[in-house]
Amino acid sequence: MARYLARRVAQGVFVLWAAFTASFVILYLLPSDPVEIMLASTGSMGELDPAAVAALRAEYHLDDPFYVQYGIALGRFARGDFGTSIPQRVPVTQLIGEAFPETLRLAAAAFALALLLGGGTALLAGLLRGGWARRLLLSLPPLLVSVPSFWAGLILLQIFSFRLGWFPAIGNQGAGSVVLPAVTLALPTAAVIAQVLAKSLLSTWREPFVVTARAKGGSRPGILFRDVLRHASLPGFTLVGMTVGNLLAGAIVVETVFSRLGVGRLVEEAVSAQDIPMIQGLVVLSALVFVVVNLAVDLVYPLLDPRIRPSRAVRA
Amino acid sequence: MRRPGLWAAVVFLAVVLAWAVVPEWFAPHDPLAGVPKEKLLPPSAAHWFGTDQLGRDLFSRVVHGASLSLSATALAVAVGFVAGTALGLLSGYAGGRLDEIVMRCVDVMLSIPGLLLSLAVVTVLGFGTVNVAISVGIAAVAGFARVMRSDVLRAGTQVFVEAAGALGVGRVRILFRHVLPHAIGSVLVLAALEFGTAILAVSSLSFLGFGAAPPAPEWGSLVSEGRNHLANAWWLTTLPGAVIVATMLAANRVSRALEDR
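Residue numbers (our numbering), protein chains in the order written: chain S, 1 to 316; chain V, 1 to 261.
Hints were generated in silico from the structure; no laboratory data involved. Check each hint, because a few of them may be wrong.
To be verified - Label-pair distances were calculated between CB atoms; the ranges are: (1) V:Ala231 with S:Arg89: 35 to 41 Å; (2) S:Ala58 with V:Pro28: 38 to 44 Å; (3) S:Leu295 with V:Arg97: 23 to 29 Å; (4) V:Lys39 with S:Phe225: 25 to 31 Å; (5) V:Gly95 with S:Phe225: 45 to 51 Å; (6) V:Pro28 with S:Ile159: 50 to 56 Å; (7) V:Arg97 with S:Gly222: 40 to 46 Å; (8) S:Leu288 with V:Ala216: 34 to 40 Å; (9) V:Arg97 with S:Arg226: 48 to 54 Å.
Unchecked claim - Output of the computed footprint for chain V on chain S, the stretches with three or more beta carbons under 8 Å from beta carbons of chain V: (10) 88 to 94; (11) 106 to 118; (12) 124 to 133.
Stated by the list, open to error - Derived list of chain S stretches under chain V, where covered just means 3 residues or more per stretch with a C-beta under 8 Å from a C-beta of chain V: (13) 174 to 182; (14) 225 to 233; (15) 283 to 290.
These figures come from a predicted structure and were not determined experimentally. Just so it is clear, CB atoms sit at the ideal spot from N, CA and C, and this is done for glycine as well.
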């Protein structure tokens with residue numbers, strides 16, 4: 001187990017390094033001058049101050065060959081230093097650290113809601129033997145996947161904030177302010193969960209152990225909840241990693257629509273201001289989330305499915 | 001006509017495509033010139049989608065926006081398809097160390113959410129519809145490369161490929177004459193599926209304000225402009241968004257039909 005864990009952590013560090021390197025290549029080595037982008041975005045349009053240009057070039061070592069730049073950046077990265085946000089003049093890690101809890105709360109609420117909605121839809125469809133109600137239920141998820149979340153969010157805002165006045169339209173104040181953003185963020189994820197779980201339920205329903213249970217006279221709901229669901233929810237569990245990535249990307253749009261503070265909003269602001277150090281920090285953050293979530297999933301999986309043992313997987 | 005949903009999707013896509021090619025045949029009004037007296041009118045027979053804060057006809061703006069939105073989507077899919085297919089072909093056929101390196105890069109790209117990757121690229125390239133399209137395409141490269149590689153590997157083990165090699169046919173010729181035609185099928189299906197995804201990504205980026213500059217109509221930015229009038233003019237955000245949803249649904253329906261064949 002310890003060896004397995006060590007190997008997985010090493011893999012995770014590799015992914016982080018690779019994400020850092022990929023973002024470095026995209027952001028610093030593409031044929032564009034980062035300093036010009038940074039200064040143009042801070043408002044000093046037209047005449048660039050040569051002293052400021054020289055200072056920034058020196059700060060980011062842009063006059064050195066790229067391997068020197070990369071070496072310096074990698075050294076900072078290893079110490080957890082992503083530089084300072086250009087327009088705000090605050091360390092990137094500090095800004096991200098302040099915004100992350102807000103996004104975490106939003107994403108957790110959305111994840112719980114998505115499980116409830118997606119799982120509920122698939123289970124309800126599983127209870128129905130067939131017919132139009134089941135077809136209607138199963139046609140909802142593909143429909144939801146095609147709804148852009150910026151549009152869904154604006155529709156919810158119009159109905160529940162402006163017409164009915166149930167929830168605040170913008171901001172992070174109070175528990176009410178998280179409801180509409182969480183619903184918006186949850187919808188596409190719920191659709192994916194519903195599709196995967198419904199498919200998995202359907203194929204499990206044909207397994208021999210289910211046939212046995214039915215032959216013994218079990219009721220449809222009884223079999224569904226006691227036998228089929230436990231078996232069918234395992235494939236869905238591996239989706240968790242992907243789902244978290246989607247929630248993070250979705251937060252960019254949702255936090256902008258609802259003017260909420262959070263990591264997604266930081267992304268939007270950083271791109272608007274072409275704040276390159278900030279973008280790089282956010283890309284590495286998303287890779288970190290990906291690594292941690294997938295590691296957690298792989299560690300929990302053997303507890304749920306005793307047929308899978310991590311130590312055996314290592315030897316294979 | 002046994003599948004009415006599919007036919008409705010095909011007809012809708014044809015109409016939207018016609019909007020993109022000859023918008024002046026379909027748009028009843030000028031998309032850029034507004035009549036100040038007729039500002040913020042709700043949908044009616046004269047203005048199907050209502051008018052905006054400058055008195056411009058929203059339906060005409062949506063019709064004219066089709067060309068920007070659809071060409072950006074097509075460019076995004078083309079970039080992802082060409083670059084991803086080339087990378088997958090190279091990786092699958094070369095094998096060994098190169099294959100290993102390319103596939104690790106693909107894994108890393110797949111671990112970063114697509115929207116975030118597109119945004120990072122657009123930060124460097126600068127804003128505008130073409131750059132948005134390129135950045136969405138770059139985010140799709142990894143998916144194409146992975147599918148293409150696995151198909152090339154599968155095609156490469158077939159007897160006729162070995163036979164061609166035994167007959168002394170050159171490697172490059174084998175690659176393009178024998179491997180590629182057998183491997184391209186599932187990548188083409190992926191390209192069709194990618195259309196819906198790309199419409200969503202392009203409109204999301206332009207909704208965030210990184211696409212077309214203000215007066216030009218583009219679907220995502222039309223929705224974004226309507227945000228300022230959410231409380232008093234529901235049609236400004238709802239109707240252009242509904243057109244995006246309908247286009248995505250139709251594109252997904254058609255590509256699923258292609259996949260089933």
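Chain V covers the segment 106 to 118 of chain S, three or more CB atoms within 8 Å, holds or violated: violated (count 0)
Beta-carbon spacing of proline 28 of chain V to isoleucine 159 of chain S - inside the hinted bounds 50 to 56 Å or not: Since the Cβ atoms of proline 28 of chain V and isoleucine 159 of chain S sit about 30 Å apart, the hinted range of 50 to 56 Å is violated.
Hint check for alanine 216 of chain V and leucine 288 of chain S - Cβ pair distance inside 34 to 40 Å: 38 Å, holds
Annotated coverage of the segment 174 to 182 of chain S by chain V, confirmed only when three residues or more have a Cβ within 8 Å: Not satisfied, violated; 0 residues make the cut.
Residues of the segment 124 to 133 of chain S with Cβ under 8 Å from chain V, three needed, outcome: This one is violated; 0 residues, fewer than the three required, reach chain V with a Cβ under 8 Å.
Arginine 97 of chain V paired with arginine 226 of chain S, Cβ distance criterion 48 to 54 Å: Because 51 Å falls inside the window, the suggested range holds.
Assertion that chain V covers the segment 88 to 94 of chain S - criterion: three or more residues, beta-carbon distance below 8 Å: With 0 residues close enough to chain V, the hint is violated.
Hint check for phenylalanine 225 of chain S and lysine 39 of chain V - Cβ pair distance inside 25 to 31 Å: 57 Å, violated
Alanine 58 of chain S versus proline 28 of chain V beta-carbon gap, inside 38 to 44 Å or not: The hint (38 to 44 Å, Cβ to Cβ) is violated, given that alanine 58 of chain S and proline 28 of chain V are roughly 59 Å apart.
Beta-carbon spacing of arginine 97 of chain V to glycine 222 of chain S - inside the hinted bounds 40 to 46 Å or not: 56 Å, violated
C-beta pair glycine 95 of chain V, phenylalanine 225 of chain S: status relative to the range 45 to 51 Å that was hinted: 49 Å, holds
Coverage criterion applied to the segment 225 to 233 of chain S (partner chain V; beta-carbon cut 8 Å; 3 residues): Violated - the segment 225 to 233 of chain S has 0 residues with a Cβ nearer than 8 Å to chain V, which falls short of three.
Checked against the numbered hints listed earlier, the structure breaks hints 2, 4, 6, 7, 10, 11, 12, 13 and 14; every other hint is satisfied.
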